[in-house]
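With chain P fixed as given, assemble chain H onto it according to the hints.
2 protein chains.
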Amino acid sequence: MIQPFDDNYFMKKALQEAELAFEKGEIPVGAVIVIGDKVIARGHNLTETLNDVTAHAEMQAITSAANFLGGKYLLNCTLYVTLEPCQMCAGALYWSQISKIVYGARDEERGCINLKTKLHPKTKMKGGVMAEGASQLLKRFFIERRNLN
Amino acid sequence: MIQPFDDNYFMKKALQEAELAFEKGEIPVGAVIVIGDKVIARGHNLTETLNDVTAHAEMQAITSAANFLGGKYLLNCTLYVTLEPCQMCAGALYWSQISKIVYGARDEERGCINLKTKLHPKTKMKGGVMAEGASQLLKRFFIERRNLN
Numbered sequence: 001m002i003q004p005f006d007d008n009y010f011m012k013k014a015l016q017e018a019e020l021a022f023e024k025g026e027i028p029v030g031a032v033i034v035i036g037d038k039v040i041a042r043g044h045n046l047t048e049t050l051n052d053v054t055a056h057a058e059m060q061a062i063t064s065a066a067n068f069l070g071g072k073y074l075l076n077c078t079l080y081v082t083l084e085p086c087q088m089c090a091g092a093l094y095w096s097q098i099s100k101i102v103y104g105a106r107d108e109e110r111g112c113i114n115l116k117t118k119l120h121p122k123t124k125m126k127g128g129v130m131a132e133g134a135s136q137l138l139k140r141f142f143i144e145r146r147n148l149n
Numbered sequence: 001m002i003q004p005f006d007d008n009y010f011m012k013k014a015l016q017e018a019e020l021a022f023e024k025g026e027i028p029v030g031a032v033i034v035i036g037d038k039v040i041a042r043g044h045n046l047t048e049t050l051n052d053v054t055a056h057a058e059m060q061a062i063t064s065a066a067n068f069l070g071g072k073y074l075l076n077c078t079l080y081v082t083l084e085p086c087q088m089c090a091g092a093l094y095w096s097q098i099s100k101i102v103y104g105a106r107d108e109e110r111g112c113i114n115l116k117t118k119l120h121p122k123t124k125m126k127g128g129v130m131a132e133g134a135s136q137l138l139k140r141f142f143i144e145r146r147n148l149n
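For the record, the sequence lines run as chains P and H.
Numbering follows this note's numbering, in which position 13 of the first sequence is assigned residue number 13; successive positions increment by one, without gaps.
Numbering follows this note's numbering, in which position 10 of the second sequence is assigned residue number 10; successive positions increment by one, without gaps.
Keep in mind that the hints were calculated from the coordinates and are not lab data.
Note that this is a predicted model, so its numbers are computed, not measured.
Just to be clear, a hint being listed does not mean it is correct.
As the list claims (entries may be wrong) - Cross-link-like lysine to aspartate or glutamate pairs, in silico, DMTMM-like; alpha carbons within 25 Å at most:
id: 1; chain 1: H; residue 1: LYS122; chain 2: P; residue 2: GLU132
id: 2; chain 1: P; residue 1: LYS116; chain 2: H; residue 2: GLU108
id: 3; chain 1: H; residue 1: LYS100; chain 2: P; residue 2: GLU48
id: 4; chain 1: P; residue 1: LYS124; chain 2: H; residue 2: GLU109
id: 5; chain 1: P; residue 1: LYS100; chain 2: H; residue 2: GLU109
id: 6; chain 1: P; residue 1: LYS118; chain 2: H; residue 2: GLU108
id: 7; chain 1: H; residue 1: LYS122; chain 2: P; residue 2: ASP107
id: 8; chain 1: H; residue 1: LYS139; chain 2: H; residue 2: GLU19
id: 9; chain 1: P; residue 1: LYS122; chain 2: H; residue 2: GLU48
id: 10; chain 1: H; residue 1: LYS116; chain 2: P; residue 2: ASP107
id: 11; chain 1: P; residue 1: LYS122; chain 2: H; residue 2: GLU19
id: 12; chain 1: H; residue 1: LYS118; chain 2: H; residue 2: GLU108
id: 13; chain 1: P; residue 1: LYS100; chain 2: P; residue 2: GLU23
id: 14; chain 1: P; residue 1: LYS122; chain 2: H; residue 2: GLU132
id: 15; chain 1: P; residue 1: LYS116; chain 2: H; residue 2: GLU109
id: 16; chain 1: H; residue 1: LYS118; chain 2: P; residue 2: GLU48
id: 17; chain 1: H; residue 1: LYS116; chain 2: H; residue 2: GLU19
id: 18; chain 1: P; residue 1: LYS126; chain 2: P; residue 2: GLU48
id: 19; chain 1: P; residue 1: LYS24; chain 2: P; residue 2: GLU144
id: 20; chain 1: H; residue 1: LYS124; chain 2: H; residue 2: GLU108
id: 21; chain 1: H; residue 1: LYS122; chain 2: P; residue 2: GLU108
id: 22; chain 1: P; residue 1: LYS118; chain 2: H; residue 2: ASP107
id: 23; chain 1: H; residue 1: LYS116; chain 2: P; residue 2: GLU144
id: 24; chain 1: H; residue 1: LYS118; chain 2: P; residue 2: ASP107
id: 25; chain 1: P; residue 1: LYS118; chain 2: H; residue 2: ASP6
id: 26; chain 1: H; residue 1: LYS118; chain 2: P; residue 2: ASP37
id: 27; chain 1: P; residue 1: LYS126; chain 2: P; residue 2: ASP6
id: 28; chain 1: P; residue 1: LYS124; chain 2: P; residue 2: GLU108
id: 29; chain 1: P; residue 1: LYS100; chain 2: H; residue 2: GLU48
This is chain P alone, in the form it adopts within the complex (with noise of 0.2 Å):
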């Protein structure tokens, strides 16, 4: 039987949101958030844009997806994120109490899992869906910034 709705399908949308990123000079990290088969958030890193450490992609779209739900807790939602989260957005993840977080490529350096960030019990973690095209293009990006400077 065909699975439409499968880990890739969703993590595809997290790699455009990450191409978006691309496009505006930010470090290119894209999520969405899903709840059944339909995406209630989006979000790319933003912290150049915007001029603040805090505007990760999972950040804005942890924010998002409560606005979306009117409530803050993040049950029965999965995020797709093209990068293991940092401690800062792992942290803000156990606070929202979020079911399942899938991520691509992994951040041995500064992922929360060789951190250790602490997660909330209810919630499940799963990585390396579609993590050759989320680390290809972080590597584009900073090639093509040292090529620049």
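Just chain H now, with coordinates in the frame of chain P:
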């Protein structure tokens, strides 16, 4: 010599912010960000009012300070916050490269110390400034809330 601009002076400003949160029915936590002798940003917890788990006092103060400075790094800045920062806020402070964090009361369960959130190497942290005032306000809030239910 009289030192009017000491840690207690600025923590009192943060406590005033916490009282504003209290009056709005929010868990009373307040913060200010200071550069030299000048308060450049204020914030208090607004998670209920804004229906947003990311709306902690510190997060709003970080965004506001960057806006004031016209740059996202909070170099030479000190954050005064009435309660030890959580993982999310400490993670945001990591990205901000803030010079110093001064907190009031400890948060043994959800604070960044016991949860071992990584701070930026440039960041110093000091605790226990006017801790009694901060924790009394929190206790009063939870007692009143319990009596309402």
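State the violated hints by number, sorted upward, taking the hints as numbered earlier in the document. Hints 1, 11, 13, 14, 17, 18, 23, 25, 26 not satisfied by this model.
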